[in-house]
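Visitor: Residue numbers for the sequence shown follow the numbering used here, so the first one is -18 and each next one is one higher.
It is possible that part of the hints are untrue.
[Stated by the list, open to error] Capping the alpha-carbon separation at 27 Å, the derived lysine-lysine pairs in DSS-like fashion look like this:
| id | residue 1 | residue 2 |
| --- | --- | --- |
| 1 | K522 | K506 |
| 2 | K322 | K333 |
| 3 | K343 | K358 |
[What the hints assert, rightly or not] Simulated restraints, written as ranges between beta carbons of each label pair:
| id | residue 1 | residue 2 | range |
| --- | --- | --- | --- |
| 4 | V366 | K132 | 52 to 62 Å |
| 5 | A172 | L288 | 44 to 54 Å |
| 6 | N133 | P304 | 45 to 55 Å |
| 7 | A459 | R526 | 21 to 31 Å |
If you're looking for bench data, these hints aren't it; they were derived computationally from the structure. Don't be surprised by glycine CBs; every beta carbon is placed ideally from N, CA and C.
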Amino acid sequence: MSSDGFVTVKSKDLDSNMATNLLSGAKILLNCLVQEGVECMFGYPGGVTLPLYDALYEHQIRHVLVRHEQNAAFAAQGYARTTGKVGVCCATSGPGATNLVTGLVDAMMDSVPIVAITGQVSNKLMGSDAFQEADTFGITRSATKHNFLVKNVADLPQIIHEAFYIAASGRPGPVLVDITKDVFQAQAHYAPVTEIHLPGYRVFSEGHVGQIRRAAQMMWEAERPFVYAGGGIIAANAHDELRELVETLDAPTVCTLMGLGVLPYDHPRFISMPGMHGSYAANMGMTHTDLIIALGVRFDDRVTGRLNAFAPHAKVIHVDVDPAEIGKNRYADLPIVGNAKKVLPKLTAALKELKPEMEGRKAGARAEWRGQIQAWKEENPLVPVRSETEIKPQHLMAEIDRLSGGRAIIASDVGQHQMWSAQLIRYNEPRLWINSGGLGSMGFGLPAAIGCQFARPDKLVFAIVGDGGFQMSIPELATIANHALPIKIIVMNNGYLGMVRQWQELFYNNRLSQVELTSFPDPEKLAGAYGFKGSTVEDVKEMPRVLEEAVRASGPYLLNVKVSSFENVFPMVPAGGALNEMVLRPPQPVEV
């Protein structure tokens, strides 16, 4: 973006006739989507979007019919997070639009770029409580990075391109465009937009040169530096730049739940995920560091634990593209506002420039610090629990890890299985680990996997779901079957809403209230009804073989894995606890 707010719109080859003829608003919209490089969108039609779907009938953009609008937003997220492109979803007015809201808030919390297109009743009916009318613009104001209401077809092209730019630039996020039916139907001459003007929208990308140099000095002066990297690194496609910085400084590094994969699992400086269910070494490192180098993170409560006890000895360098995040939860001693892709190479260059002069000053202390981190890793490693008589959830994750080899896409639902997937499955590349982090939306995993598989048909995709979240998105089995998507759906079935049950057990005197899932569909019959294979495994000796069979299947596969019912996720930082107050393992019974 130029200093005066002008942005050049990317150029695509368009049908010359469509660029000059009188077109409907619906066809103008599709032209704009093509110009933005959209190849696939997820949606569900309805009354006011009929003109759009009529225009889609013979259009080059692929439309995927989901079975619920919320899942269209989740699938668009899976697509966006797997590719780095803007995901697109579409819904009709009223309930169609309101069903998108959870997916929009989810994308907002996790900084995922999606554009949602919704239909609205005609201009003349707005405000009359017409059939399927809802104030989508008002409802989604706080659920999106920005939203638009289009009431004039002449405004449509400009707004669509603005929506895509806002969604993808700066800190990414969801943008909604609500379009009245008469705008879809109206005729107008279409000329491709080549430039948009957003004078009130500023993206800070370069970082302050002086602050970057001071940050490099602080890093060399620290005795116990600690890199804390998050989803902002993935959003900026800055994983290579992160790796070079980490290796230049030779500093221990943790990656948040949203940042897993930015350093390969086997990198010598990678520790694990920190926070509520982070490893002992990660949380002890956070507690005892004297300098946190925070890159593309937001110091959320699931990472920090009790905020006033978080990293009590540390100064903070905080790099983030969103100035609102700097100092929001933890004071930043040295803030740098900028895009990680551009800031990290400058930081690394400054580190290298200062290295001959400063590296030796604290070299002994830093070597001792790296040794201490390694000792913590060895003292309490994240090791899968196994049993000879039942399938432990951790054992299941270890087998999935074995088959994925750190290269498969894992789309997780929300709950205990999500935490075990984060702890025990390797992610050796960015954009392999897809989950609902900030909002924690149950039902996310299966539709997100659909978006991932459409985005990367060459990749093995696992949908790891619990028996609770899976039953929130069962209708999408039809979408999977219709397109023969070879997704491997692994249900970690413990018969409970596992994470809620864990909290009730540990903090509510084991008063298990409304958490038992007393019935589950027969997976062979359920999958068979949709025309693909399914099975159940409950024998620990058979589980690896059956899992391999599922992976080898040419199409989709639904595998119901009956795991032990009362296994809890550890380590665990109790709510309100400090990171160094983590519970490492289940309480041992006292012998009388």
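Visitor: Given the hint that K322 pairs with K333, does the C-alpha gap stay at or below 27 Å?
Guide: Roughly 18 Å between the alpha carbons, so the hint for K322 and K333 holds.
Visitor: Given the hint that K522 pairs with K506, test it: the Cα-Cα distance must not exceed 27 Å.
Guide: Status holds; Cα separation ~24 Å.
Visitor: With 45 to 55 Å as the target window, see if N133 and P304 comply at their CB atoms.
Guide: Since the Cβ atoms of N133 and P304 sit about 33 Å apart, the hinted range of 45 to 55 Å is violated.
Visitor: Could you say whether the range 21 to 31 Å given as a hint is met by the Cβ separation of A459 and R526?
Guide: Roughly 29 Å apart at Cβ, these two residues keep to the hinted range, so it holds.
Visitor: K343 and K358: Cα distance at most 27 Å?
Guide: Given pair K343, K358 holds - Cα atoms ~23 Å apart, limit 27 Å.
Visitor: Determine whether the Cβ-Cβ distance between A172 and L288 falls within the hinted range of 44 to 54 Å.
Guide: holds (53 Å)
Visitor: Does the hinted range 52 to 62 Å hold for V366 and K132 at CB?
Guide: holds (59 Å)
Taken one by one, the earlier hints fail for this structure only at number 6.
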